[in-house]
Amino acid sequence: MSSDKHAHPAREDLAARVLDQTGVDVARCYQCGKCSAGCPLAAEMDFPPSQVMHLLQLAGMGPEYADMALRSHTVWLCLTCEICFCRCPMELDIPAVMDALRHESLRRKMVNPRARSILAFHRAFLDSVRTTGRLFEMGQVVDYKLRSGHFLQDLLQAPWMFLVGKLHLLPERVRDRRALKRIFAGARKAGEARP
Amino acid sequence: MKTGFYPGCSMKGSAREYSESLLAVARQLGRELPEVPDWNCCGATAAHNLDRDLALALPARILAAAERQGMEEVLVPCAACYSRLSVTRHELLEDEERRRRISGLIEADYRGSARVMNIVEWLEAVPDLEARVRAPFARKVACYYGCLLVRPAGIVKFDRPEDPQLLDRVMRKLGAEPVDWAFKTECCGAGFSVSRTDLVAELSGRILEDAVSRGAEAVIVACPMCHLNLDMRRPNIEKRAGKKFTIPVIYVTQAVGLAMGLTPKALGLQRHKVPVKFARSAAAPEAK
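For the record, the sequence lines run as chains F and W. First residue of the first sequence: 6, per the working numbering; consecutive thereafter. First residue of the second sequence: 474, per the working numbering; consecutive thereafter.
Calculated directly from the structure, the hints in this document are not laboratory data. Certain hints may be false.
[Said to hold, decoys possible] One side of the interface only, derived from the structure: several residues of chain F facing chain W at Cβ under 8 Å:
(1) Leu84
(2) Tyr149
(3) Phe167
(4) Glu177
[Stated by the list, open to error] Straight-line C-alpha distance at most 27 Å; calculated DSSO-like pairs for lysine-lysine:
(5) F:Lys114 <-> F:Lys39
(6) W:Lys717 <-> W:Lys746
(7) W:Lys485 <-> F:Lys186
(8) W:Lys475 <-> W:Lys717
(9) W:Lys613 <-> W:Lys746
(10) W:Lys717 <-> W:Lys613
(11) F:Lys150 <-> W:Lys485
(12) F:Lys150 <-> W:Lys630
(13) W:Lys716 <-> W:Lys750
(14) F:Lys150 <-> W:Lys746
(15) F:Lys39 <-> W:Lys630
(16) F:Lys150 <-> F:Lys114
(17) W:Lys475 <-> W:Lys613
(18) W:Lys750 <-> W:Lys738
(19) W:Lys485 <-> W:Lys716
Cβ coordinates follow ideal geometry from the N, Cα and C atoms, glycine included.
Starting from the given sequences, assemble the full structure and let the hints guide the process.
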């Protein structure tokens, strides 16, 4: 029976997917906890990095483990500061695992509701880049406010930024914006085509 | 050696003084820094968090454009852009199938011939930096590298990943006294500046706290995100910490410029939230 459990599709799915996308075999993690000790945001996370690795190792025991990892606040709180990867005695690229989990969490529509503002910011950022080829800071912040509902945040920052010349009212644009649009479309298509 | 310049989006907006001070220093050194033609955003955190191919394609388009211009190296002063460009070059040179796929996406054959260089490397390579110092930067400084200048070590292959030294060495050449401190490469909260300002205030506050407790008179940075969080987010930091921090945050290029005798204005120091009170005296007598 135990071999059946280990062959659970959730494990096939998630640990194998992580391995395929990042080259990281989560089974090699021996839970020393150095990643969690060094992580600047471990205290804010529902599962510190070492526990996320553990959830991936347990994914074969039942779908709830993979779900916990994918629904975690952790994957969105990870700053990619790379300190965990730097200190891991097994040299496991944990930030790359976090990237893969974020992509999977989005794909399966399992994003943690507490990560709403973080995701809203990323989406507003990419929208700006898709439209102009570069980040238009003011446009992005307006877009972020609309997406996140944080309308009043930083309202007083804008006039100051404008006064010291840090805020532009018009975007800088890439000349070949069509090429940028094709890159975004191509990347999206490739993402959707992945099994 | 033809060196191109990739400013990135921040340096055209919220970090424009980083660009102003770099170009002022380059002029003084007689170095040309042509921009990578028609460059686009590197995608930053947003792209690699949301879309794997996009996170590689956006930087690849930039590097391919630099290659087409015959640029052998690209100076990328923003540590976040530097990281994305370095990681992309590494991943595409490592995997031929991936290189071909991403080349298809950007409609250009990316070869990987242009090396990616950060600002500290560029300054370190100035042969006679000490001889150009007119007004020694005689201050105690906390050299803050942040995360992405030095990590992942296997990819950027630059300095030590946790106790780096090269920025300290540049500052010493200017006459500064770098302090020994614990937060050289701790994260400031980076891209959460807008979406989770509370976390940025906490992390950045710890960095300032340590710098001040070691007697530093300025924090020296080489990244627009670090500057934004430590300088512009100062009111948030102070509110969270329940105390005032008056320590200014200075781009390494501004420190070099001041030491060379350039005026604070030419280096964009007036654009900071936290005033650099000693700038005038440090840059005397040239500063008017």
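Now the hints, each set against the structure:
1. Because the beta carbon of Leu84 of chain F sits about 5 Å from the nearest beta carbon in chain W, less than 8 Å, this interface hint is met.
2. The closest approach between the C-beta of Tyr149 of chain F and any C-beta of chain W is roughly 6 Å, which is under the 8 Å cut-off, so the hint is satisfied.
3. Interface hint at Phe167 of chain F: violated, since its Cβ lies 11 Å from the closest Cβ of chain W, which is beyond the 8 Å cut-off.
4. Hint on Glu177 of chain F holds. Least Cβ distance to chain W is approximately 6 Å, under the 8 Å limit.
5. The suggested pairing of Lys114 of chain F with Lys39 of chain F is violated, with an alpha-carbon distance near 30 Å, which exceeds 27 Å.
6. Taking the CA atoms of Lys717 of chain W and Lys746 of chain W, the gap is about 13 Å. The hint holds against a cut of 27 Å.
7. A C-alpha spacing of about 22 Å is found between Lys485 of chain W and Lys186 of chain F, which places the hinted pair at or below 27 Å, so the restraint holds.
8. With a C-alpha separation of about 46 Å, the suggested pairing of Lys475 of chain W with Lys717 of chain W is violated against the 27 Å cut-off.
9. For the proposed pair Lys613 of chain W and Lys746 of chain W, the alpha carbon gap of about 21 Å is at most 27 Å, so the pair holds.
10. Between the alpha carbons of Lys717 of chain W and Lys613 of chain W the distance comes to roughly 19 Å, so the proposed pair stays at or under 27 Å and holds.
11. Our distance criterion of 27 Å between C-alpha atoms is met by Lys150 of chain F and Lys485 of chain W, whose separation comes to about 22 Å.
12. A C-alpha spacing of about 39 Å is found between Lys150 of chain F and Lys630 of chain W, which places the hinted pair above 27 Å, so the restraint is violated.
13. Only pairs whose Cα atoms come within 27 Å are accepted, and Lys716 of chain W paired with Lys750 of chain W is accepted, the gap being roughly 19 Å.
14. As the CA atoms of Lys150 of chain F and Lys746 of chain W are separated by approximately 23 Å, the hinted pair is consistent with the 27 Å bound.
15. Between Lys39 of chain F and Lys630 of chain W the alpha-carbon distance is near 22 Å, which keeps this suggested pair within the 27 Å criterion.
16. Among the hinted pairs, Lys150 of chain F with Lys114 of chain F is consistent with the structure: their alpha-carbon atoms are about 22 Å apart, no more than 27 Å.
17. Using a Cα cut-off of 27 Å, the hinted pair Lys475 of chain W and Lys613 of chain W is violated, with the two alpha carbons roughly 35 Å apart.
18. Distance check on the hinted pair: Lys750 of chain W and Lys738 of chain W sit about 13 Å apart at the alpha-carbon level, within 27 Å; holds.
19. Note on Lys485 of chain W and Lys716 of chain W: the hinted pairing is violated, with a Cα-Cα distance of about 32 Å set against a maximum of 27 Å.
Violated hints, in rising order: 3, 5, 8, 12, 17 and 19; the structure is consistent with all others.
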